[in-house]
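Protein chains: 2
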Amino acid sequence: MSKYCFGVDVGGTTVKMGLFSIDGELLDNWEIVTRTENAGVHIVPDIAASILDKIAEKSMAREDIAGVGIGVPGPVDENGIVYKTANTGWGVFNLKKELEDLLDMNVKTGNDANVAALGEMWKGGAQGYQNVVLVTLGTGVGGGIIINGRILTGATGAGGEIGHMHIQDGESEQCGCGNHGCLEQYASATGVVRLANRKLAACDKPSVLRTGEISAKAVFDAVKSGDALAIEIIEEFGEYLGKGLALVGGVCNPEVFVLGGGVSKAGTILIDYVQKYYQKYVFNGSREAKFTLATLGNSAGIYGAAKMVL
Amino acid sequence: MSKYCFGVDVGGTTVKMGLFSIDGELLDNWEIVTRTENAGVHIVPDIAASILDKIAEKSMAREDIAGVGIGVPGPVDENGIVYKTANTGWGVFNLKKELEDLLDMNVKTGNDANVAALGEMWKGGAQGYQNVVLVTLGTGVGGGIIINGRILTGATGAGGEIGHMHIQDGESEQCGCGNHGCLEQYASATGVVRLANRKLAACDKPSVLRTGEISAKAVFDAVKSGDALAIEIIEEFGEYLGKGLALVGGVCNPEVFVLGGGVSKAGTILIDYVQKYYQKYVFNGSREAKFTLATLGNSAGIYGAAKMVL
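Residue numbers (the numbering used here), protein chains in the order written: chain R, 61 to 370; chain A, 61 to 370.
Derived from the structure by calculation, the hints contain no laboratory data.
Please read these numbers as outputs of a predicted model, since none were measured by experiment.
Each hint should be verified, as a subset may be incorrect.
Same chains, same label: a pair holds when it works inside one copy or across any pair of copies.
Unchecked claim - Below, computed lysine-lysine pairings styled on DSS-like, alpha-carbon distance capped at 25 Å: (1) K350 - K144; (2) K76 - K265; (3) K340 - K144; (4) K76 - K118; (5) K63 - K277; (6) K76 - K63; (7) K63 - K350; (8) K265 - K63; (9) K144 - K118; (10) K63 - K114; (11) K118 - K284.
All chains, full assembly: derive it from the sequences and hints.
Here it is as structure tokens:
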């Protein structure tokens, strides 16, 4: 009977790592630098070395370790094959096999957003649920979908990529993905700024937002202080995001949507605006879905990664 | 080792039934009338009696029967609980338990569209795939989603209800579900007629469609004969459906979309128009999805129902 497992969350700057008990207690956590040079060839050996160091440091027996879960910032399929990951420099290779060979341990792989959803289900905002959609509202919009307790990976690891659903016709600006009118263009932190700048330019109503730097936080703070123009902006934001999640809801019929990422620091006011428009657009059968905030922050990835091996 | 199983597909007029070998050969099929009176109380006993009759007729041993799968035209959850089904008169009850008690056999339940998707995966247009979206283009638009070989049921049995995704702002007509701008309003057989009538009213271009009755078949036939206005109509239809499936593709990243239902009798020309707009709107990571036509027709339901018990 194993006692421990490791959760690894690979980012473009650092690799976050955690040692967990098999019932989900985070016993230790640390970071190493992500060495992206030379197409990221050092990253996997660095991770393996760090895990072996930790095992030695803690005098752990190998048979007490259930395995290592690892989340990566890009598509990865059910077999552990990574399909190019811009932030790490990686091309196409079998991450699972490479790490298993280095560690002689069971390794499970997943996309970071999907893995974070699993973490929130296990120990975060979606505890007790089995059908979960995690929506990460950061610089972009990421998503992770859990169906009956399992990650929806999809055919090529692109399952849950809700940020690039086409949500608006006639958008003139191009999304980072090359398309026009993606959810991410309106519902991310940069999307809130885009909506704010457009609204400010389109009218001359007074607003605290007309002085100082525009950020998603500044707009939500202005909403909380009752600024009428900021409220208009966040109504628009809420309609885009609520409509987008209504589409996801109609397809997946989740029990709960978990809102995470930097924008979610706005708090429960975010849920108020999103849920209002979710209810407007969603199919009856998926209307009962709950909305909650993510609670694990940047640690969701290591929790979910660890959960994959259990 | 079991040798046989039954597949049952409950419709509002008839219940389709099939006897299968466990490797998927349809050995016998028949129908009984769906008695919807008195809140449909006779339906489940009628099904049980018909199965017991068939077992007696074929002199089958009970231990040779793996069980009975049953698809119903409404939401049904993982536990077999049906949540009101307009076409049958049913309220809320445990279908699985009731049929198991009557038959003393293993029973599996599912929504008819989801079950049909499983049938197409097992023996129809999606053979060899494990991540499948079945799109049924009939009077309405139905959907069934298979992830890793398993039906995406969702929290309350509403998974895969893609016909009611909000796809168009500003629609004045109301959908049967109560919302406005659902995919079903444009991509069903009645949707094609709606688009055709609107196009014919909005311009005075010549078209064979200006004489005779407008139907989805008539519009597709006109496209095949090179009618310019019909082509405009089906371009519009293709854009709605392609955009809708691009949303599903971004969420689920399937290997294949299977197009079924009456509208799919138009043939491969349907795929040409849908795939063109799917490619326009979908996220890169889900661009490789294939499109194919359903091959089991009205039998997809009994195939999928049977597959559930295997």
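Hints and how they fare:
Taking identical chains as interchangeable, the C-alpha atoms of K350 and K144 lie at most 25 Å apart only when they sit on different chains, with a minimum of 22 Å there against 35 Å within one chain. Within a single copy, K76 and K265 get their C-alpha atoms no closer than 45 Å, and across copies no closer than 64 Å, so neither meets the 25 Å cut-off. In this assembly of identical chains, K340 and K144 lie within 25 Å of each other by CA distance solely across copies; the values are 22 Å between and 38 Å within a copy. Taking the closest pair of Cα atoms, K76 and K118 come within 25 Å of each other only inside a single copy of the chain (18 Å); across copies the shortest separation is 63 Å, beyond that limit.
For the identical chains of this complex, K63 and K277 are neighbours neither inside a copy (42 Å) nor across copies (63 Å), given an alpha-carbon limit of 25 Å. Proximity of K76 and K63 under a CA criterion of 25 Å is satisfied intra-copy only: 21 Å inside one chain copy versus 52 Å between copies. When the C-alpha separation of K63 and K350 is checked against a cutoff of 25 Å, the pair qualifies neither within a copy, at 34 Å, nor between copies, at 44 Å. For the homomeric pair K265 and K63, neither the shortest alpha-carbon distance inside one copy (61 Å) nor that between copies (75 Å) is at most 25 Å.
In the homo-oligomer, the alpha carbons of K144 and K118 never lie at most 25 Å apart, since the shortest distance is 34 Å inside one protomer and 57 Å across protomers. Within a single copy, K63 and K114 get their C-alpha atoms as close as 15 Å, which meets the 25 Å cut-off; across copies the closest is 53 Å, which misses it. Proximity of K118 to K284 under the C-alpha cut-off of 25 Å is found in neither arrangement, the shortest distances being 48 Å within a copy and 72 Å between copies.
Going through the hint list in order, the structure does not satisfy hints 2, 5, 7, 8, 9, 11.
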